[in-house]
Amino acid sequence: MTLVEAVNAALARALADDSNVVLLGEDIGVNGGVFRATIGLQQRFGRERVVDTPLAEALIGGLCVGMAAQGLKPVGEIQFMGFLYPCIDQLVNHASRLRHRTQGRLSCPMVLRVPHGAGIRAPEHHSESTEAMLAHIPGLRVVMPSSPERAYGLLLAAIRDPDPVIFLEPTRIYRAVKGQVEDNGEALPLDVAFVLREGRDVTLISWGAMVRETMAAADQLAAEHLDAEVIDLATLKPYDAETILASVAKTGRCVIVHEAARTGGFGAEIAASIAERALLSLLAPPVRITGYDTVIPLPRLEQHYMPSVGRIVAAARKVCQFS
Amino acid sequence: MTLVEAVNAALARALADDSNVVLLGEDIGVNGGVFRATIGLQQRFGRERVVDTPLAEALIGGLCVGMAAQGLKPVGEIQFMGFLYPCIDQLVNHASRLRHRTQGRLSCPMVLRVPHGAGIRAPEHHSESTEAMLAHIPGLRVVMPSSPERAYGLLLAAIRDPDPVIFLEPTRIYRAVKGQVEDNGEALPLDVAFVLREGRDVTLISWGAMVRETMAAADQLAAEHLDAEVIDLATLKPYDAETILASVAKTGRCVIVHEAARTGGFGAEIAASIAERALLSLLAPPVRITGYDTVIPLPRLEQHYMPSVGRIVAAARKVCQFS
Amino acid sequence: MSDQPTAGEELPVIARFEVRRRAYLAPDGTVARSLPQFAADTRVLVSLYRAMVLTRAFDLKAVSLQRTGRLGTYAPALGQEAVAVGVASAMLPEDVLLPSYRDNGALLWRGVKMEEILLFWGGDERGNDSSGPAHDFPPCIPVGSQAPHAAGVAYAFKLRREPRVAVCLFGDGATSKGDLWEAMNFAGVWQLPVVFIANNNQWAISVPLRLQTASATLAQKAIAAGFSGEQVDGNDVIAVRAAAERAVTAARSGKGPFFIEAVTYRLGDHTTADDAARYRPPEEVQAHWKEEPFARLRSYLVSQKAWGKSQEEELAGECQERVEAAVDRYLATGPRAPETMFDHLYAELPKAYRGQRDELQGTPRA
Amino acid sequence: MSDQPTAGEELPVIARFEVRRRAYLAPDGTVARSLPQFAADTRVLVSLYRAMVLTRAFDLKAVSLQRTGRLGTYAPALGQEAVAVGVASAMLPEDVLLPSYRDNGALLWRGVKMEEILLFWGGDERGNDSSGPAHDFPPCIPVGSQAPHAAGVAYAFKLRREPRVAVCLFGDGATSKGDLWEAMNFAGVWQLPVVFIANNNQWAISVPLRLQTASATLAQKAIAAGFSGEQVDGNDVIAVRAAAERAVTAARSGKGPFFIEAVTYRLGDHTTADDAARYRPPEEVQAHWKEEPFARLRSYLVSQKAWGKSQEEELAGECQERVEAAVDRYLATGPRAPETMFDHLYAELPKAYRGQRDELQGTPRA
Ligand SMILES: Cc1ncc(C[n+]2csc(CCOP(=O)(O)OP(=O)(O)O)c2C)c(N)n1
Ligand SMILES: Cc1ncc(C[n+]2csc(CCOP(=O)(O)OP(=O)(O)O)c2C)c(N)n1
Ligand SMILES: [Mg+2]
Ligand SMILES: [Mg+2]
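Chains as they are written, first to last, in the numbering used here: chain A, 1 to 323; chain B, 1 to 323; chain C, 1 to 366; chain D, 1 to 366.
Keep in mind that the hints were calculated from the coordinates and are not lab data.
Watch out, some of these pointers could steer you wrong.
Restricting the straight-line Cα-Cα distance to at most 25 Å, the calculated cross-link-like pairs of lysine to aspartate or glutamate (DMTMM-like) are [said to hold, decoys possible]:
1) B/K250 <-> A/E276
2) A/K318 <-> D/D358
3) A/K250 <-> A/D227
4) B/K318 <-> C/E339
5) A/K318 <-> B/E242
6) C/K351 <-> B/E242
7) C/K113 <-> C/E324
DEER-style ranges, computed between Cβ atoms [to be verified]:
8) D/A216 <-> C/L331: 51 to 57 Å
9) A/V309 <-> D/G355: 53 to 59 Å
10) D/P208 <-> C/L331: 32 to 38 Å
11) A/E48 <-> C/Q320: 24 to 30 Å
12) B/D18 <-> A/R47: 52 to 58 Å
13) D/P335 <-> C/V13: 56 to 62 Å
14) D/P282 <-> A/G310: 28 to 34 Å
15) A/D17 <-> D/D275: 52 to 58 Å
16) C/R365 <-> D/G355: 45 to 51 Å
17) D/V285 <-> B/D18: 33 to 39 Å
18) B/V192 <-> A/L280: 32 to 38 Å
19) B/G40 <-> C/A325: 45 to 51 Å
20) D/P282 <-> A/E198: 29 to 35 Å
21) D/P335 <-> A/L280: 45 to 51 Å
Calculated from the model, a selection of chain A residues having no Cβ within reach of chain C, i.e. all distances over 10 Å [said to hold, decoys possible]:
22) R36
23) L106
24) Q180
25) G199
26) A222
27) P238
28) A246
Here the structure is a predicted model, which means the values were calculated and not measured.
Ideal placement from N, C-alpha and C gives every residue a C-beta, glycine not left out.
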């Protein structure tokens, strides 16, 4: 099953299990979504539970809040992350704090699915990776899977969660990776990082599509007899500092990898908390390998923008040589 | 002159000096803005250059982009930071990249002024400090003054700058501090941090309203014979890492103070870059003293949310004792 | 290019629209148009009058609490009481109200306690965990942003085939916001049971209506979303209730959304933080005092022998008492422990933030 | 509550609106309504026809480039050529065009080179540093978000007393976006020289118009902003140009904004990444082929002896040649150095980012 198929399977399962689940977004009905994540679902669950909305992102966010307050479990889709911005108002001012501002009288069990990131040679504004903007907002959860299994299990968890979850789906690996996924309705835990590979020499931390290059880098490093531990952060907000700190306590060295622009990216948070809470175990500076501090370029240069396996390997090597 | 008077003086100066400067926002005309930052300006420069807009923040951002592309120098006002969110789309997708996407054919010399932060016992949604969301966006400048002098000089610089600048004005010190400001039309440099107080023992880094508590903390520390260096970051994007690193190289210890929620706040970026580039000079972990990871509470509890002088002093003391 | 605009050309008309206006009681209390059915029972009108008087008594007290430092910034509804009361009186408890920050008349009607409203404006979140219908939304501060919620709520009703209606209140300024537009458009497409009600008090802080929009009425904005709107005299509580009742009933029976523009006037400052004298002449305000909603209804009730001086005095005393008692309860509300700022952030506070909460524990209550 | 909706009540009408429709040439090329002045000169019509043919030739080629891996995702305008061409032909060079991503006919008319358009869709920012008027906006991808820019541009014209007009093109889907609404409302208040033109091709990717909005026409949406709109037959380039010319001329002379709904049909896929057969029946598309904009204009020109087979063949050849030459230039465009991704990010790259740029230097060009 590909990652996008896993998303589809989780949505189908949630729709079948819970009549309160409603999907809404642009082109998610007959068309099955521009990435086909919702294919077949309108046919199966009807056009009232799989709703083609007008072209309006603030609306999609706000509808989810209203539906959620009424006990539905809306799962909205924003077509690309570049079109999420008009919806941020609804996320920050409402979704994230409806429970808090009413002291629990109302709540907002919604999920907003957003295809994330670059690398699919898409047009302008289609390749954004601004997860750090969301991970700063108290009251939200921000989740990003890096494999079909985790897409399935984390999406089910997100839908069942009683609070708002932004579920970022890395388009670059929608179809690029396949995995064995059992459609058994079992959720994976939120707020927990996954150790994808154990190692002693250096900790590599990443999330979403970049986990792929990070794992490839670990393979290459192994060939150089450097034993990398790889952590998929998976939930960015709230994130699992314990797993990271435990790993860095062991390795003393770390490289954080993300696709988003460097300055103020979520890697800064990880590096800061490592410095703050594990300084004495550090044998080398925590290094961030990230996208550059420029607008994500159009396809001709996008490959040069995203961290390559080579850059990760070089950084890890350097970190390991540091003394 | 108070900070808000300095803002007013800089705006008046800019309007007088350059006929391309246009102000726009809600209630900025006859009313002079809800904080009186634009008082008297419509009277003096006319209602076409000091424009009362309809109640629409995405519009204000987008108008600025259109005006700027035409060679005007729009200075928009958003009434409170909590109402900036609908405008983020225009900032991220357009203002920040108009020059880049047209490869210099068009540009966007706009300023967006936004009252920032808590501490004035204002209603819900009026006390936001989400500067980290903006400081992550390539192509923007994000500036926050901490005194009347810097408000005057940095705002003039922002208006004269050929690129978009988000100018965050800390409401808590709009009137709380007075300073000698000469209305001489002289700008201060952007992209540069200000060392407000030199010291050898610990570096305190802050921006905006929190600089006040940070300076007070330095005074208290001095009484304990701890010699704190205080840096006002002033420009958050792009920020002046050199000044910070030079200071930390000297002191080996630092406390970063901001009002915004901790996780993914801009303090993370500062701490990360210190860890990355100055690890070996660190004598103690870089510590962040910040707002909590919860919705900024309504006035009854807001004082407990914001970093207090006491928290800063305690952190600095601990950092200095670390070995 | 031709210099001649082809203005003379008579192109065929493919669509026609009109906006109507509803008003019954003239400012002097005479009946300008035969009253709607519900008004035949003067007891109903008395209940509306009483609610308006209570709203004003509460409002005046809230302003004075603010002036004496015992309340935060507060947005009075002076002169606009007929809108909130008229609308609320047309709703059923199971309907959902999505109010703005100036609709306390509606909140009170629906059972929110005065001390809860004070608590909210006094800077305490507990005020929003109120005694009104549990499904009602709290007052919305970011202007217009509650409109998509109203559409979402109405969608839930439609999906579950529940005969319930979402009622969304907002100001003239809000009609400039895109989110309101997006919500109305969606409501039109799905024929949702939602009523959009613009409280057109003619000012958005200092911005007069003519700088807010060029449209001749606000009611006509619904045309863009493919449904109808109506203007009502917002100082005539009978007109407001009649329009709201008609719209709510239609929505409840599947006839889709409706838009009501209630024209009134903000006789007071925008909020206690505002000084309206800065931007509008006292004469304008004076003139509008002649149209405010109390006098006309009272005159009418008196003319119907349904009201008199003694009732008026009794009501004043009763309101005074109720307000004072509520203020006492408000002022007696216990302090909060600072760590409660983490309460209800999530259903269960994630482990990651428990340390922060602990850090706050033990700091003095506020 | 009264059960009786007060439907019988005839409330007084306080505002009336109508929407008119403009169309001249019937699908078979006969004249359904006497033509506007400019059409008396068939050379003008021929120039429009030629521009439409070039647009389609370019479009078809772009799609085939994409299919063979030499271009990125591309949005063809098949069947909608009359809108972009008609609108552009009504503008002056000093006016500012704010196009969407499907308006290449307008870009070409205004002097943008085909290789520049290809470069942009080929994934290279240099394509937007184009040869059209330097003040025109690049194609806007986030739907509707260029509308506030158009208002800002028009505001600059008004402030400087320049007789120039901003022309904003967008699709039917865009009319659901709040930013368009906010921009129109502002344009109404300030009576700005801006023309809003909805290219109503009846689909927004897979969403048909009836799920996009309940409004009977898109033109009526202007009523909400306090100005007028008109529907035109968007397959009749004469109607589009006439409407645009009238609106642009009026705006230029200070008469304020106008809204045009050009009704046409998207005969092709939404983009090369889309397969429209998934969501609409081929019969619908077939039926609309009978109304497309070329045949009717050609028939009319032939009937006027202003066009014939030989011209048609010659034009086809000429377009073919121009397109091929442009494709050659596009494909021959040199690679870019990766560090150029930092060029034009700011007027001058801040010191903070120079190290990142340096890091990229020396990596292979693309
Ligand atoms: C989105 C947003 N922008 C700005 C504000 C600040 N503000 C509060 S009330 C107000 C005016 C609202 O006017 P209107 O909608 O007419 O309602 P009224 O206050 O007159 O009842 C403004 C600008 C806000 N609350 N929300
Ligand atoms: C704000 C935004 N949301 C979503 C998209 C994705 N998208 C691209 S085109 C399109 C449909 C646009 O429809 P319409 O406005 O009718 O223009 P058309 O493509 O038919 O010319 C969508 C949803 C986008 N580009 N921008
Ligand atoms: Mg108002
Ligand atoms: Mg369309």
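Hints versus structure:
1. B/K250 <-> A/E276: Answer holds: B/K250 to A/E276 is near 19 Å, not above 25 Å.
2. A/K318 <-> D/D358: 19 Å, holds
3. A/K250 <-> A/D227: With a Cα-Cα distance of about 12 Å, the restraint between A/K250 and A/D227 holds, given a limit of 25 Å.
4. B/K318 <-> C/E339: At roughly 23 Å apart (the allowed maximum being 25 Å), C/E339 and B/K318 satisfy the hint.
5. A/K318 <-> B/E242: Holds - the C-alpha atoms of B/E242 and A/K318 are around 23 Å apart, at most 25 Å.
6. C/K351 <-> B/E242: 36 Å, violated
7. C/K113 <-> C/E324: 13 Å, holds
8. D/A216 <-> C/L331: 51 to 57 Å: At roughly 56 Å between Cβ atoms, C/L331 and D/A216 fall inside 51 to 57 Å, so the hint holds.
9. A/V309 <-> D/G355: 53 to 59 Å: Because 22 Å falls outside the window, the suggested range is violated.
10. D/P208 <-> C/L331: 32 to 38 Å: Given range 32 to 38 Å: violated, Cβ gap about 59 Å.
11. A/E48 <-> C/Q320: 24 to 30 Å: 51 Å, violated
12. B/D18 <-> A/R47: 52 to 58 Å: 55 Å, holds
13. D/P335 <-> C/V13: 56 to 62 Å: For C/V13 against D/P335, whose Cβ atoms are near 57 Å apart, the range 56 to 62 Å holds.
14. D/P282 <-> A/G310: 28 to 34 Å: 48 Å, violated
15. A/D17 <-> D/D275: 52 to 58 Å: At roughly 31 Å between Cβ atoms, D/D275 and A/D17 fall outside 52 to 58 Å, so the hint is violated.
16. C/R365 <-> D/G355: 45 to 51 Å: Roughly 50 Å apart at Cβ, these two residues keep to the hinted range, so it holds.
17. D/V285 <-> B/D18: 33 to 39 Å: At 54 Å between Cβs, range violated.
18. B/V192 <-> A/L280: 32 to 38 Å: Given range 32 to 38 Å: holds, Cβ gap about 33 Å.
19. B/G40 <-> C/A325: 45 to 51 Å: 46 Å, holds
20. D/P282 <-> A/E198: 29 to 35 Å: 56 Å, violated
21. D/P335 <-> A/L280: 45 to 51 Å: 48 Å, holds
22. R36: Label holds. Min Cβ-Cβ 24 Å, cutoff 10 Å.
23. L106: 7 Å, violated
24. Q180: 30 Å, holds
25. G199: 25 Å, holds
26. A222: 32 Å, holds
27. P238: For A/P238, whose nearest Cβ neighbour in chain C is about 4 Å away, the distance does not exceed 10 Å, so it is violated.
28. A246: About 14 Å separates A/A246 from the closest Cβ of chain C, which puts it past 10 Å; holds.
The earlier numbered hints that this structure contradicts are 6, 9, 10, 11, 14, 15, 17, 20, 23, 27.
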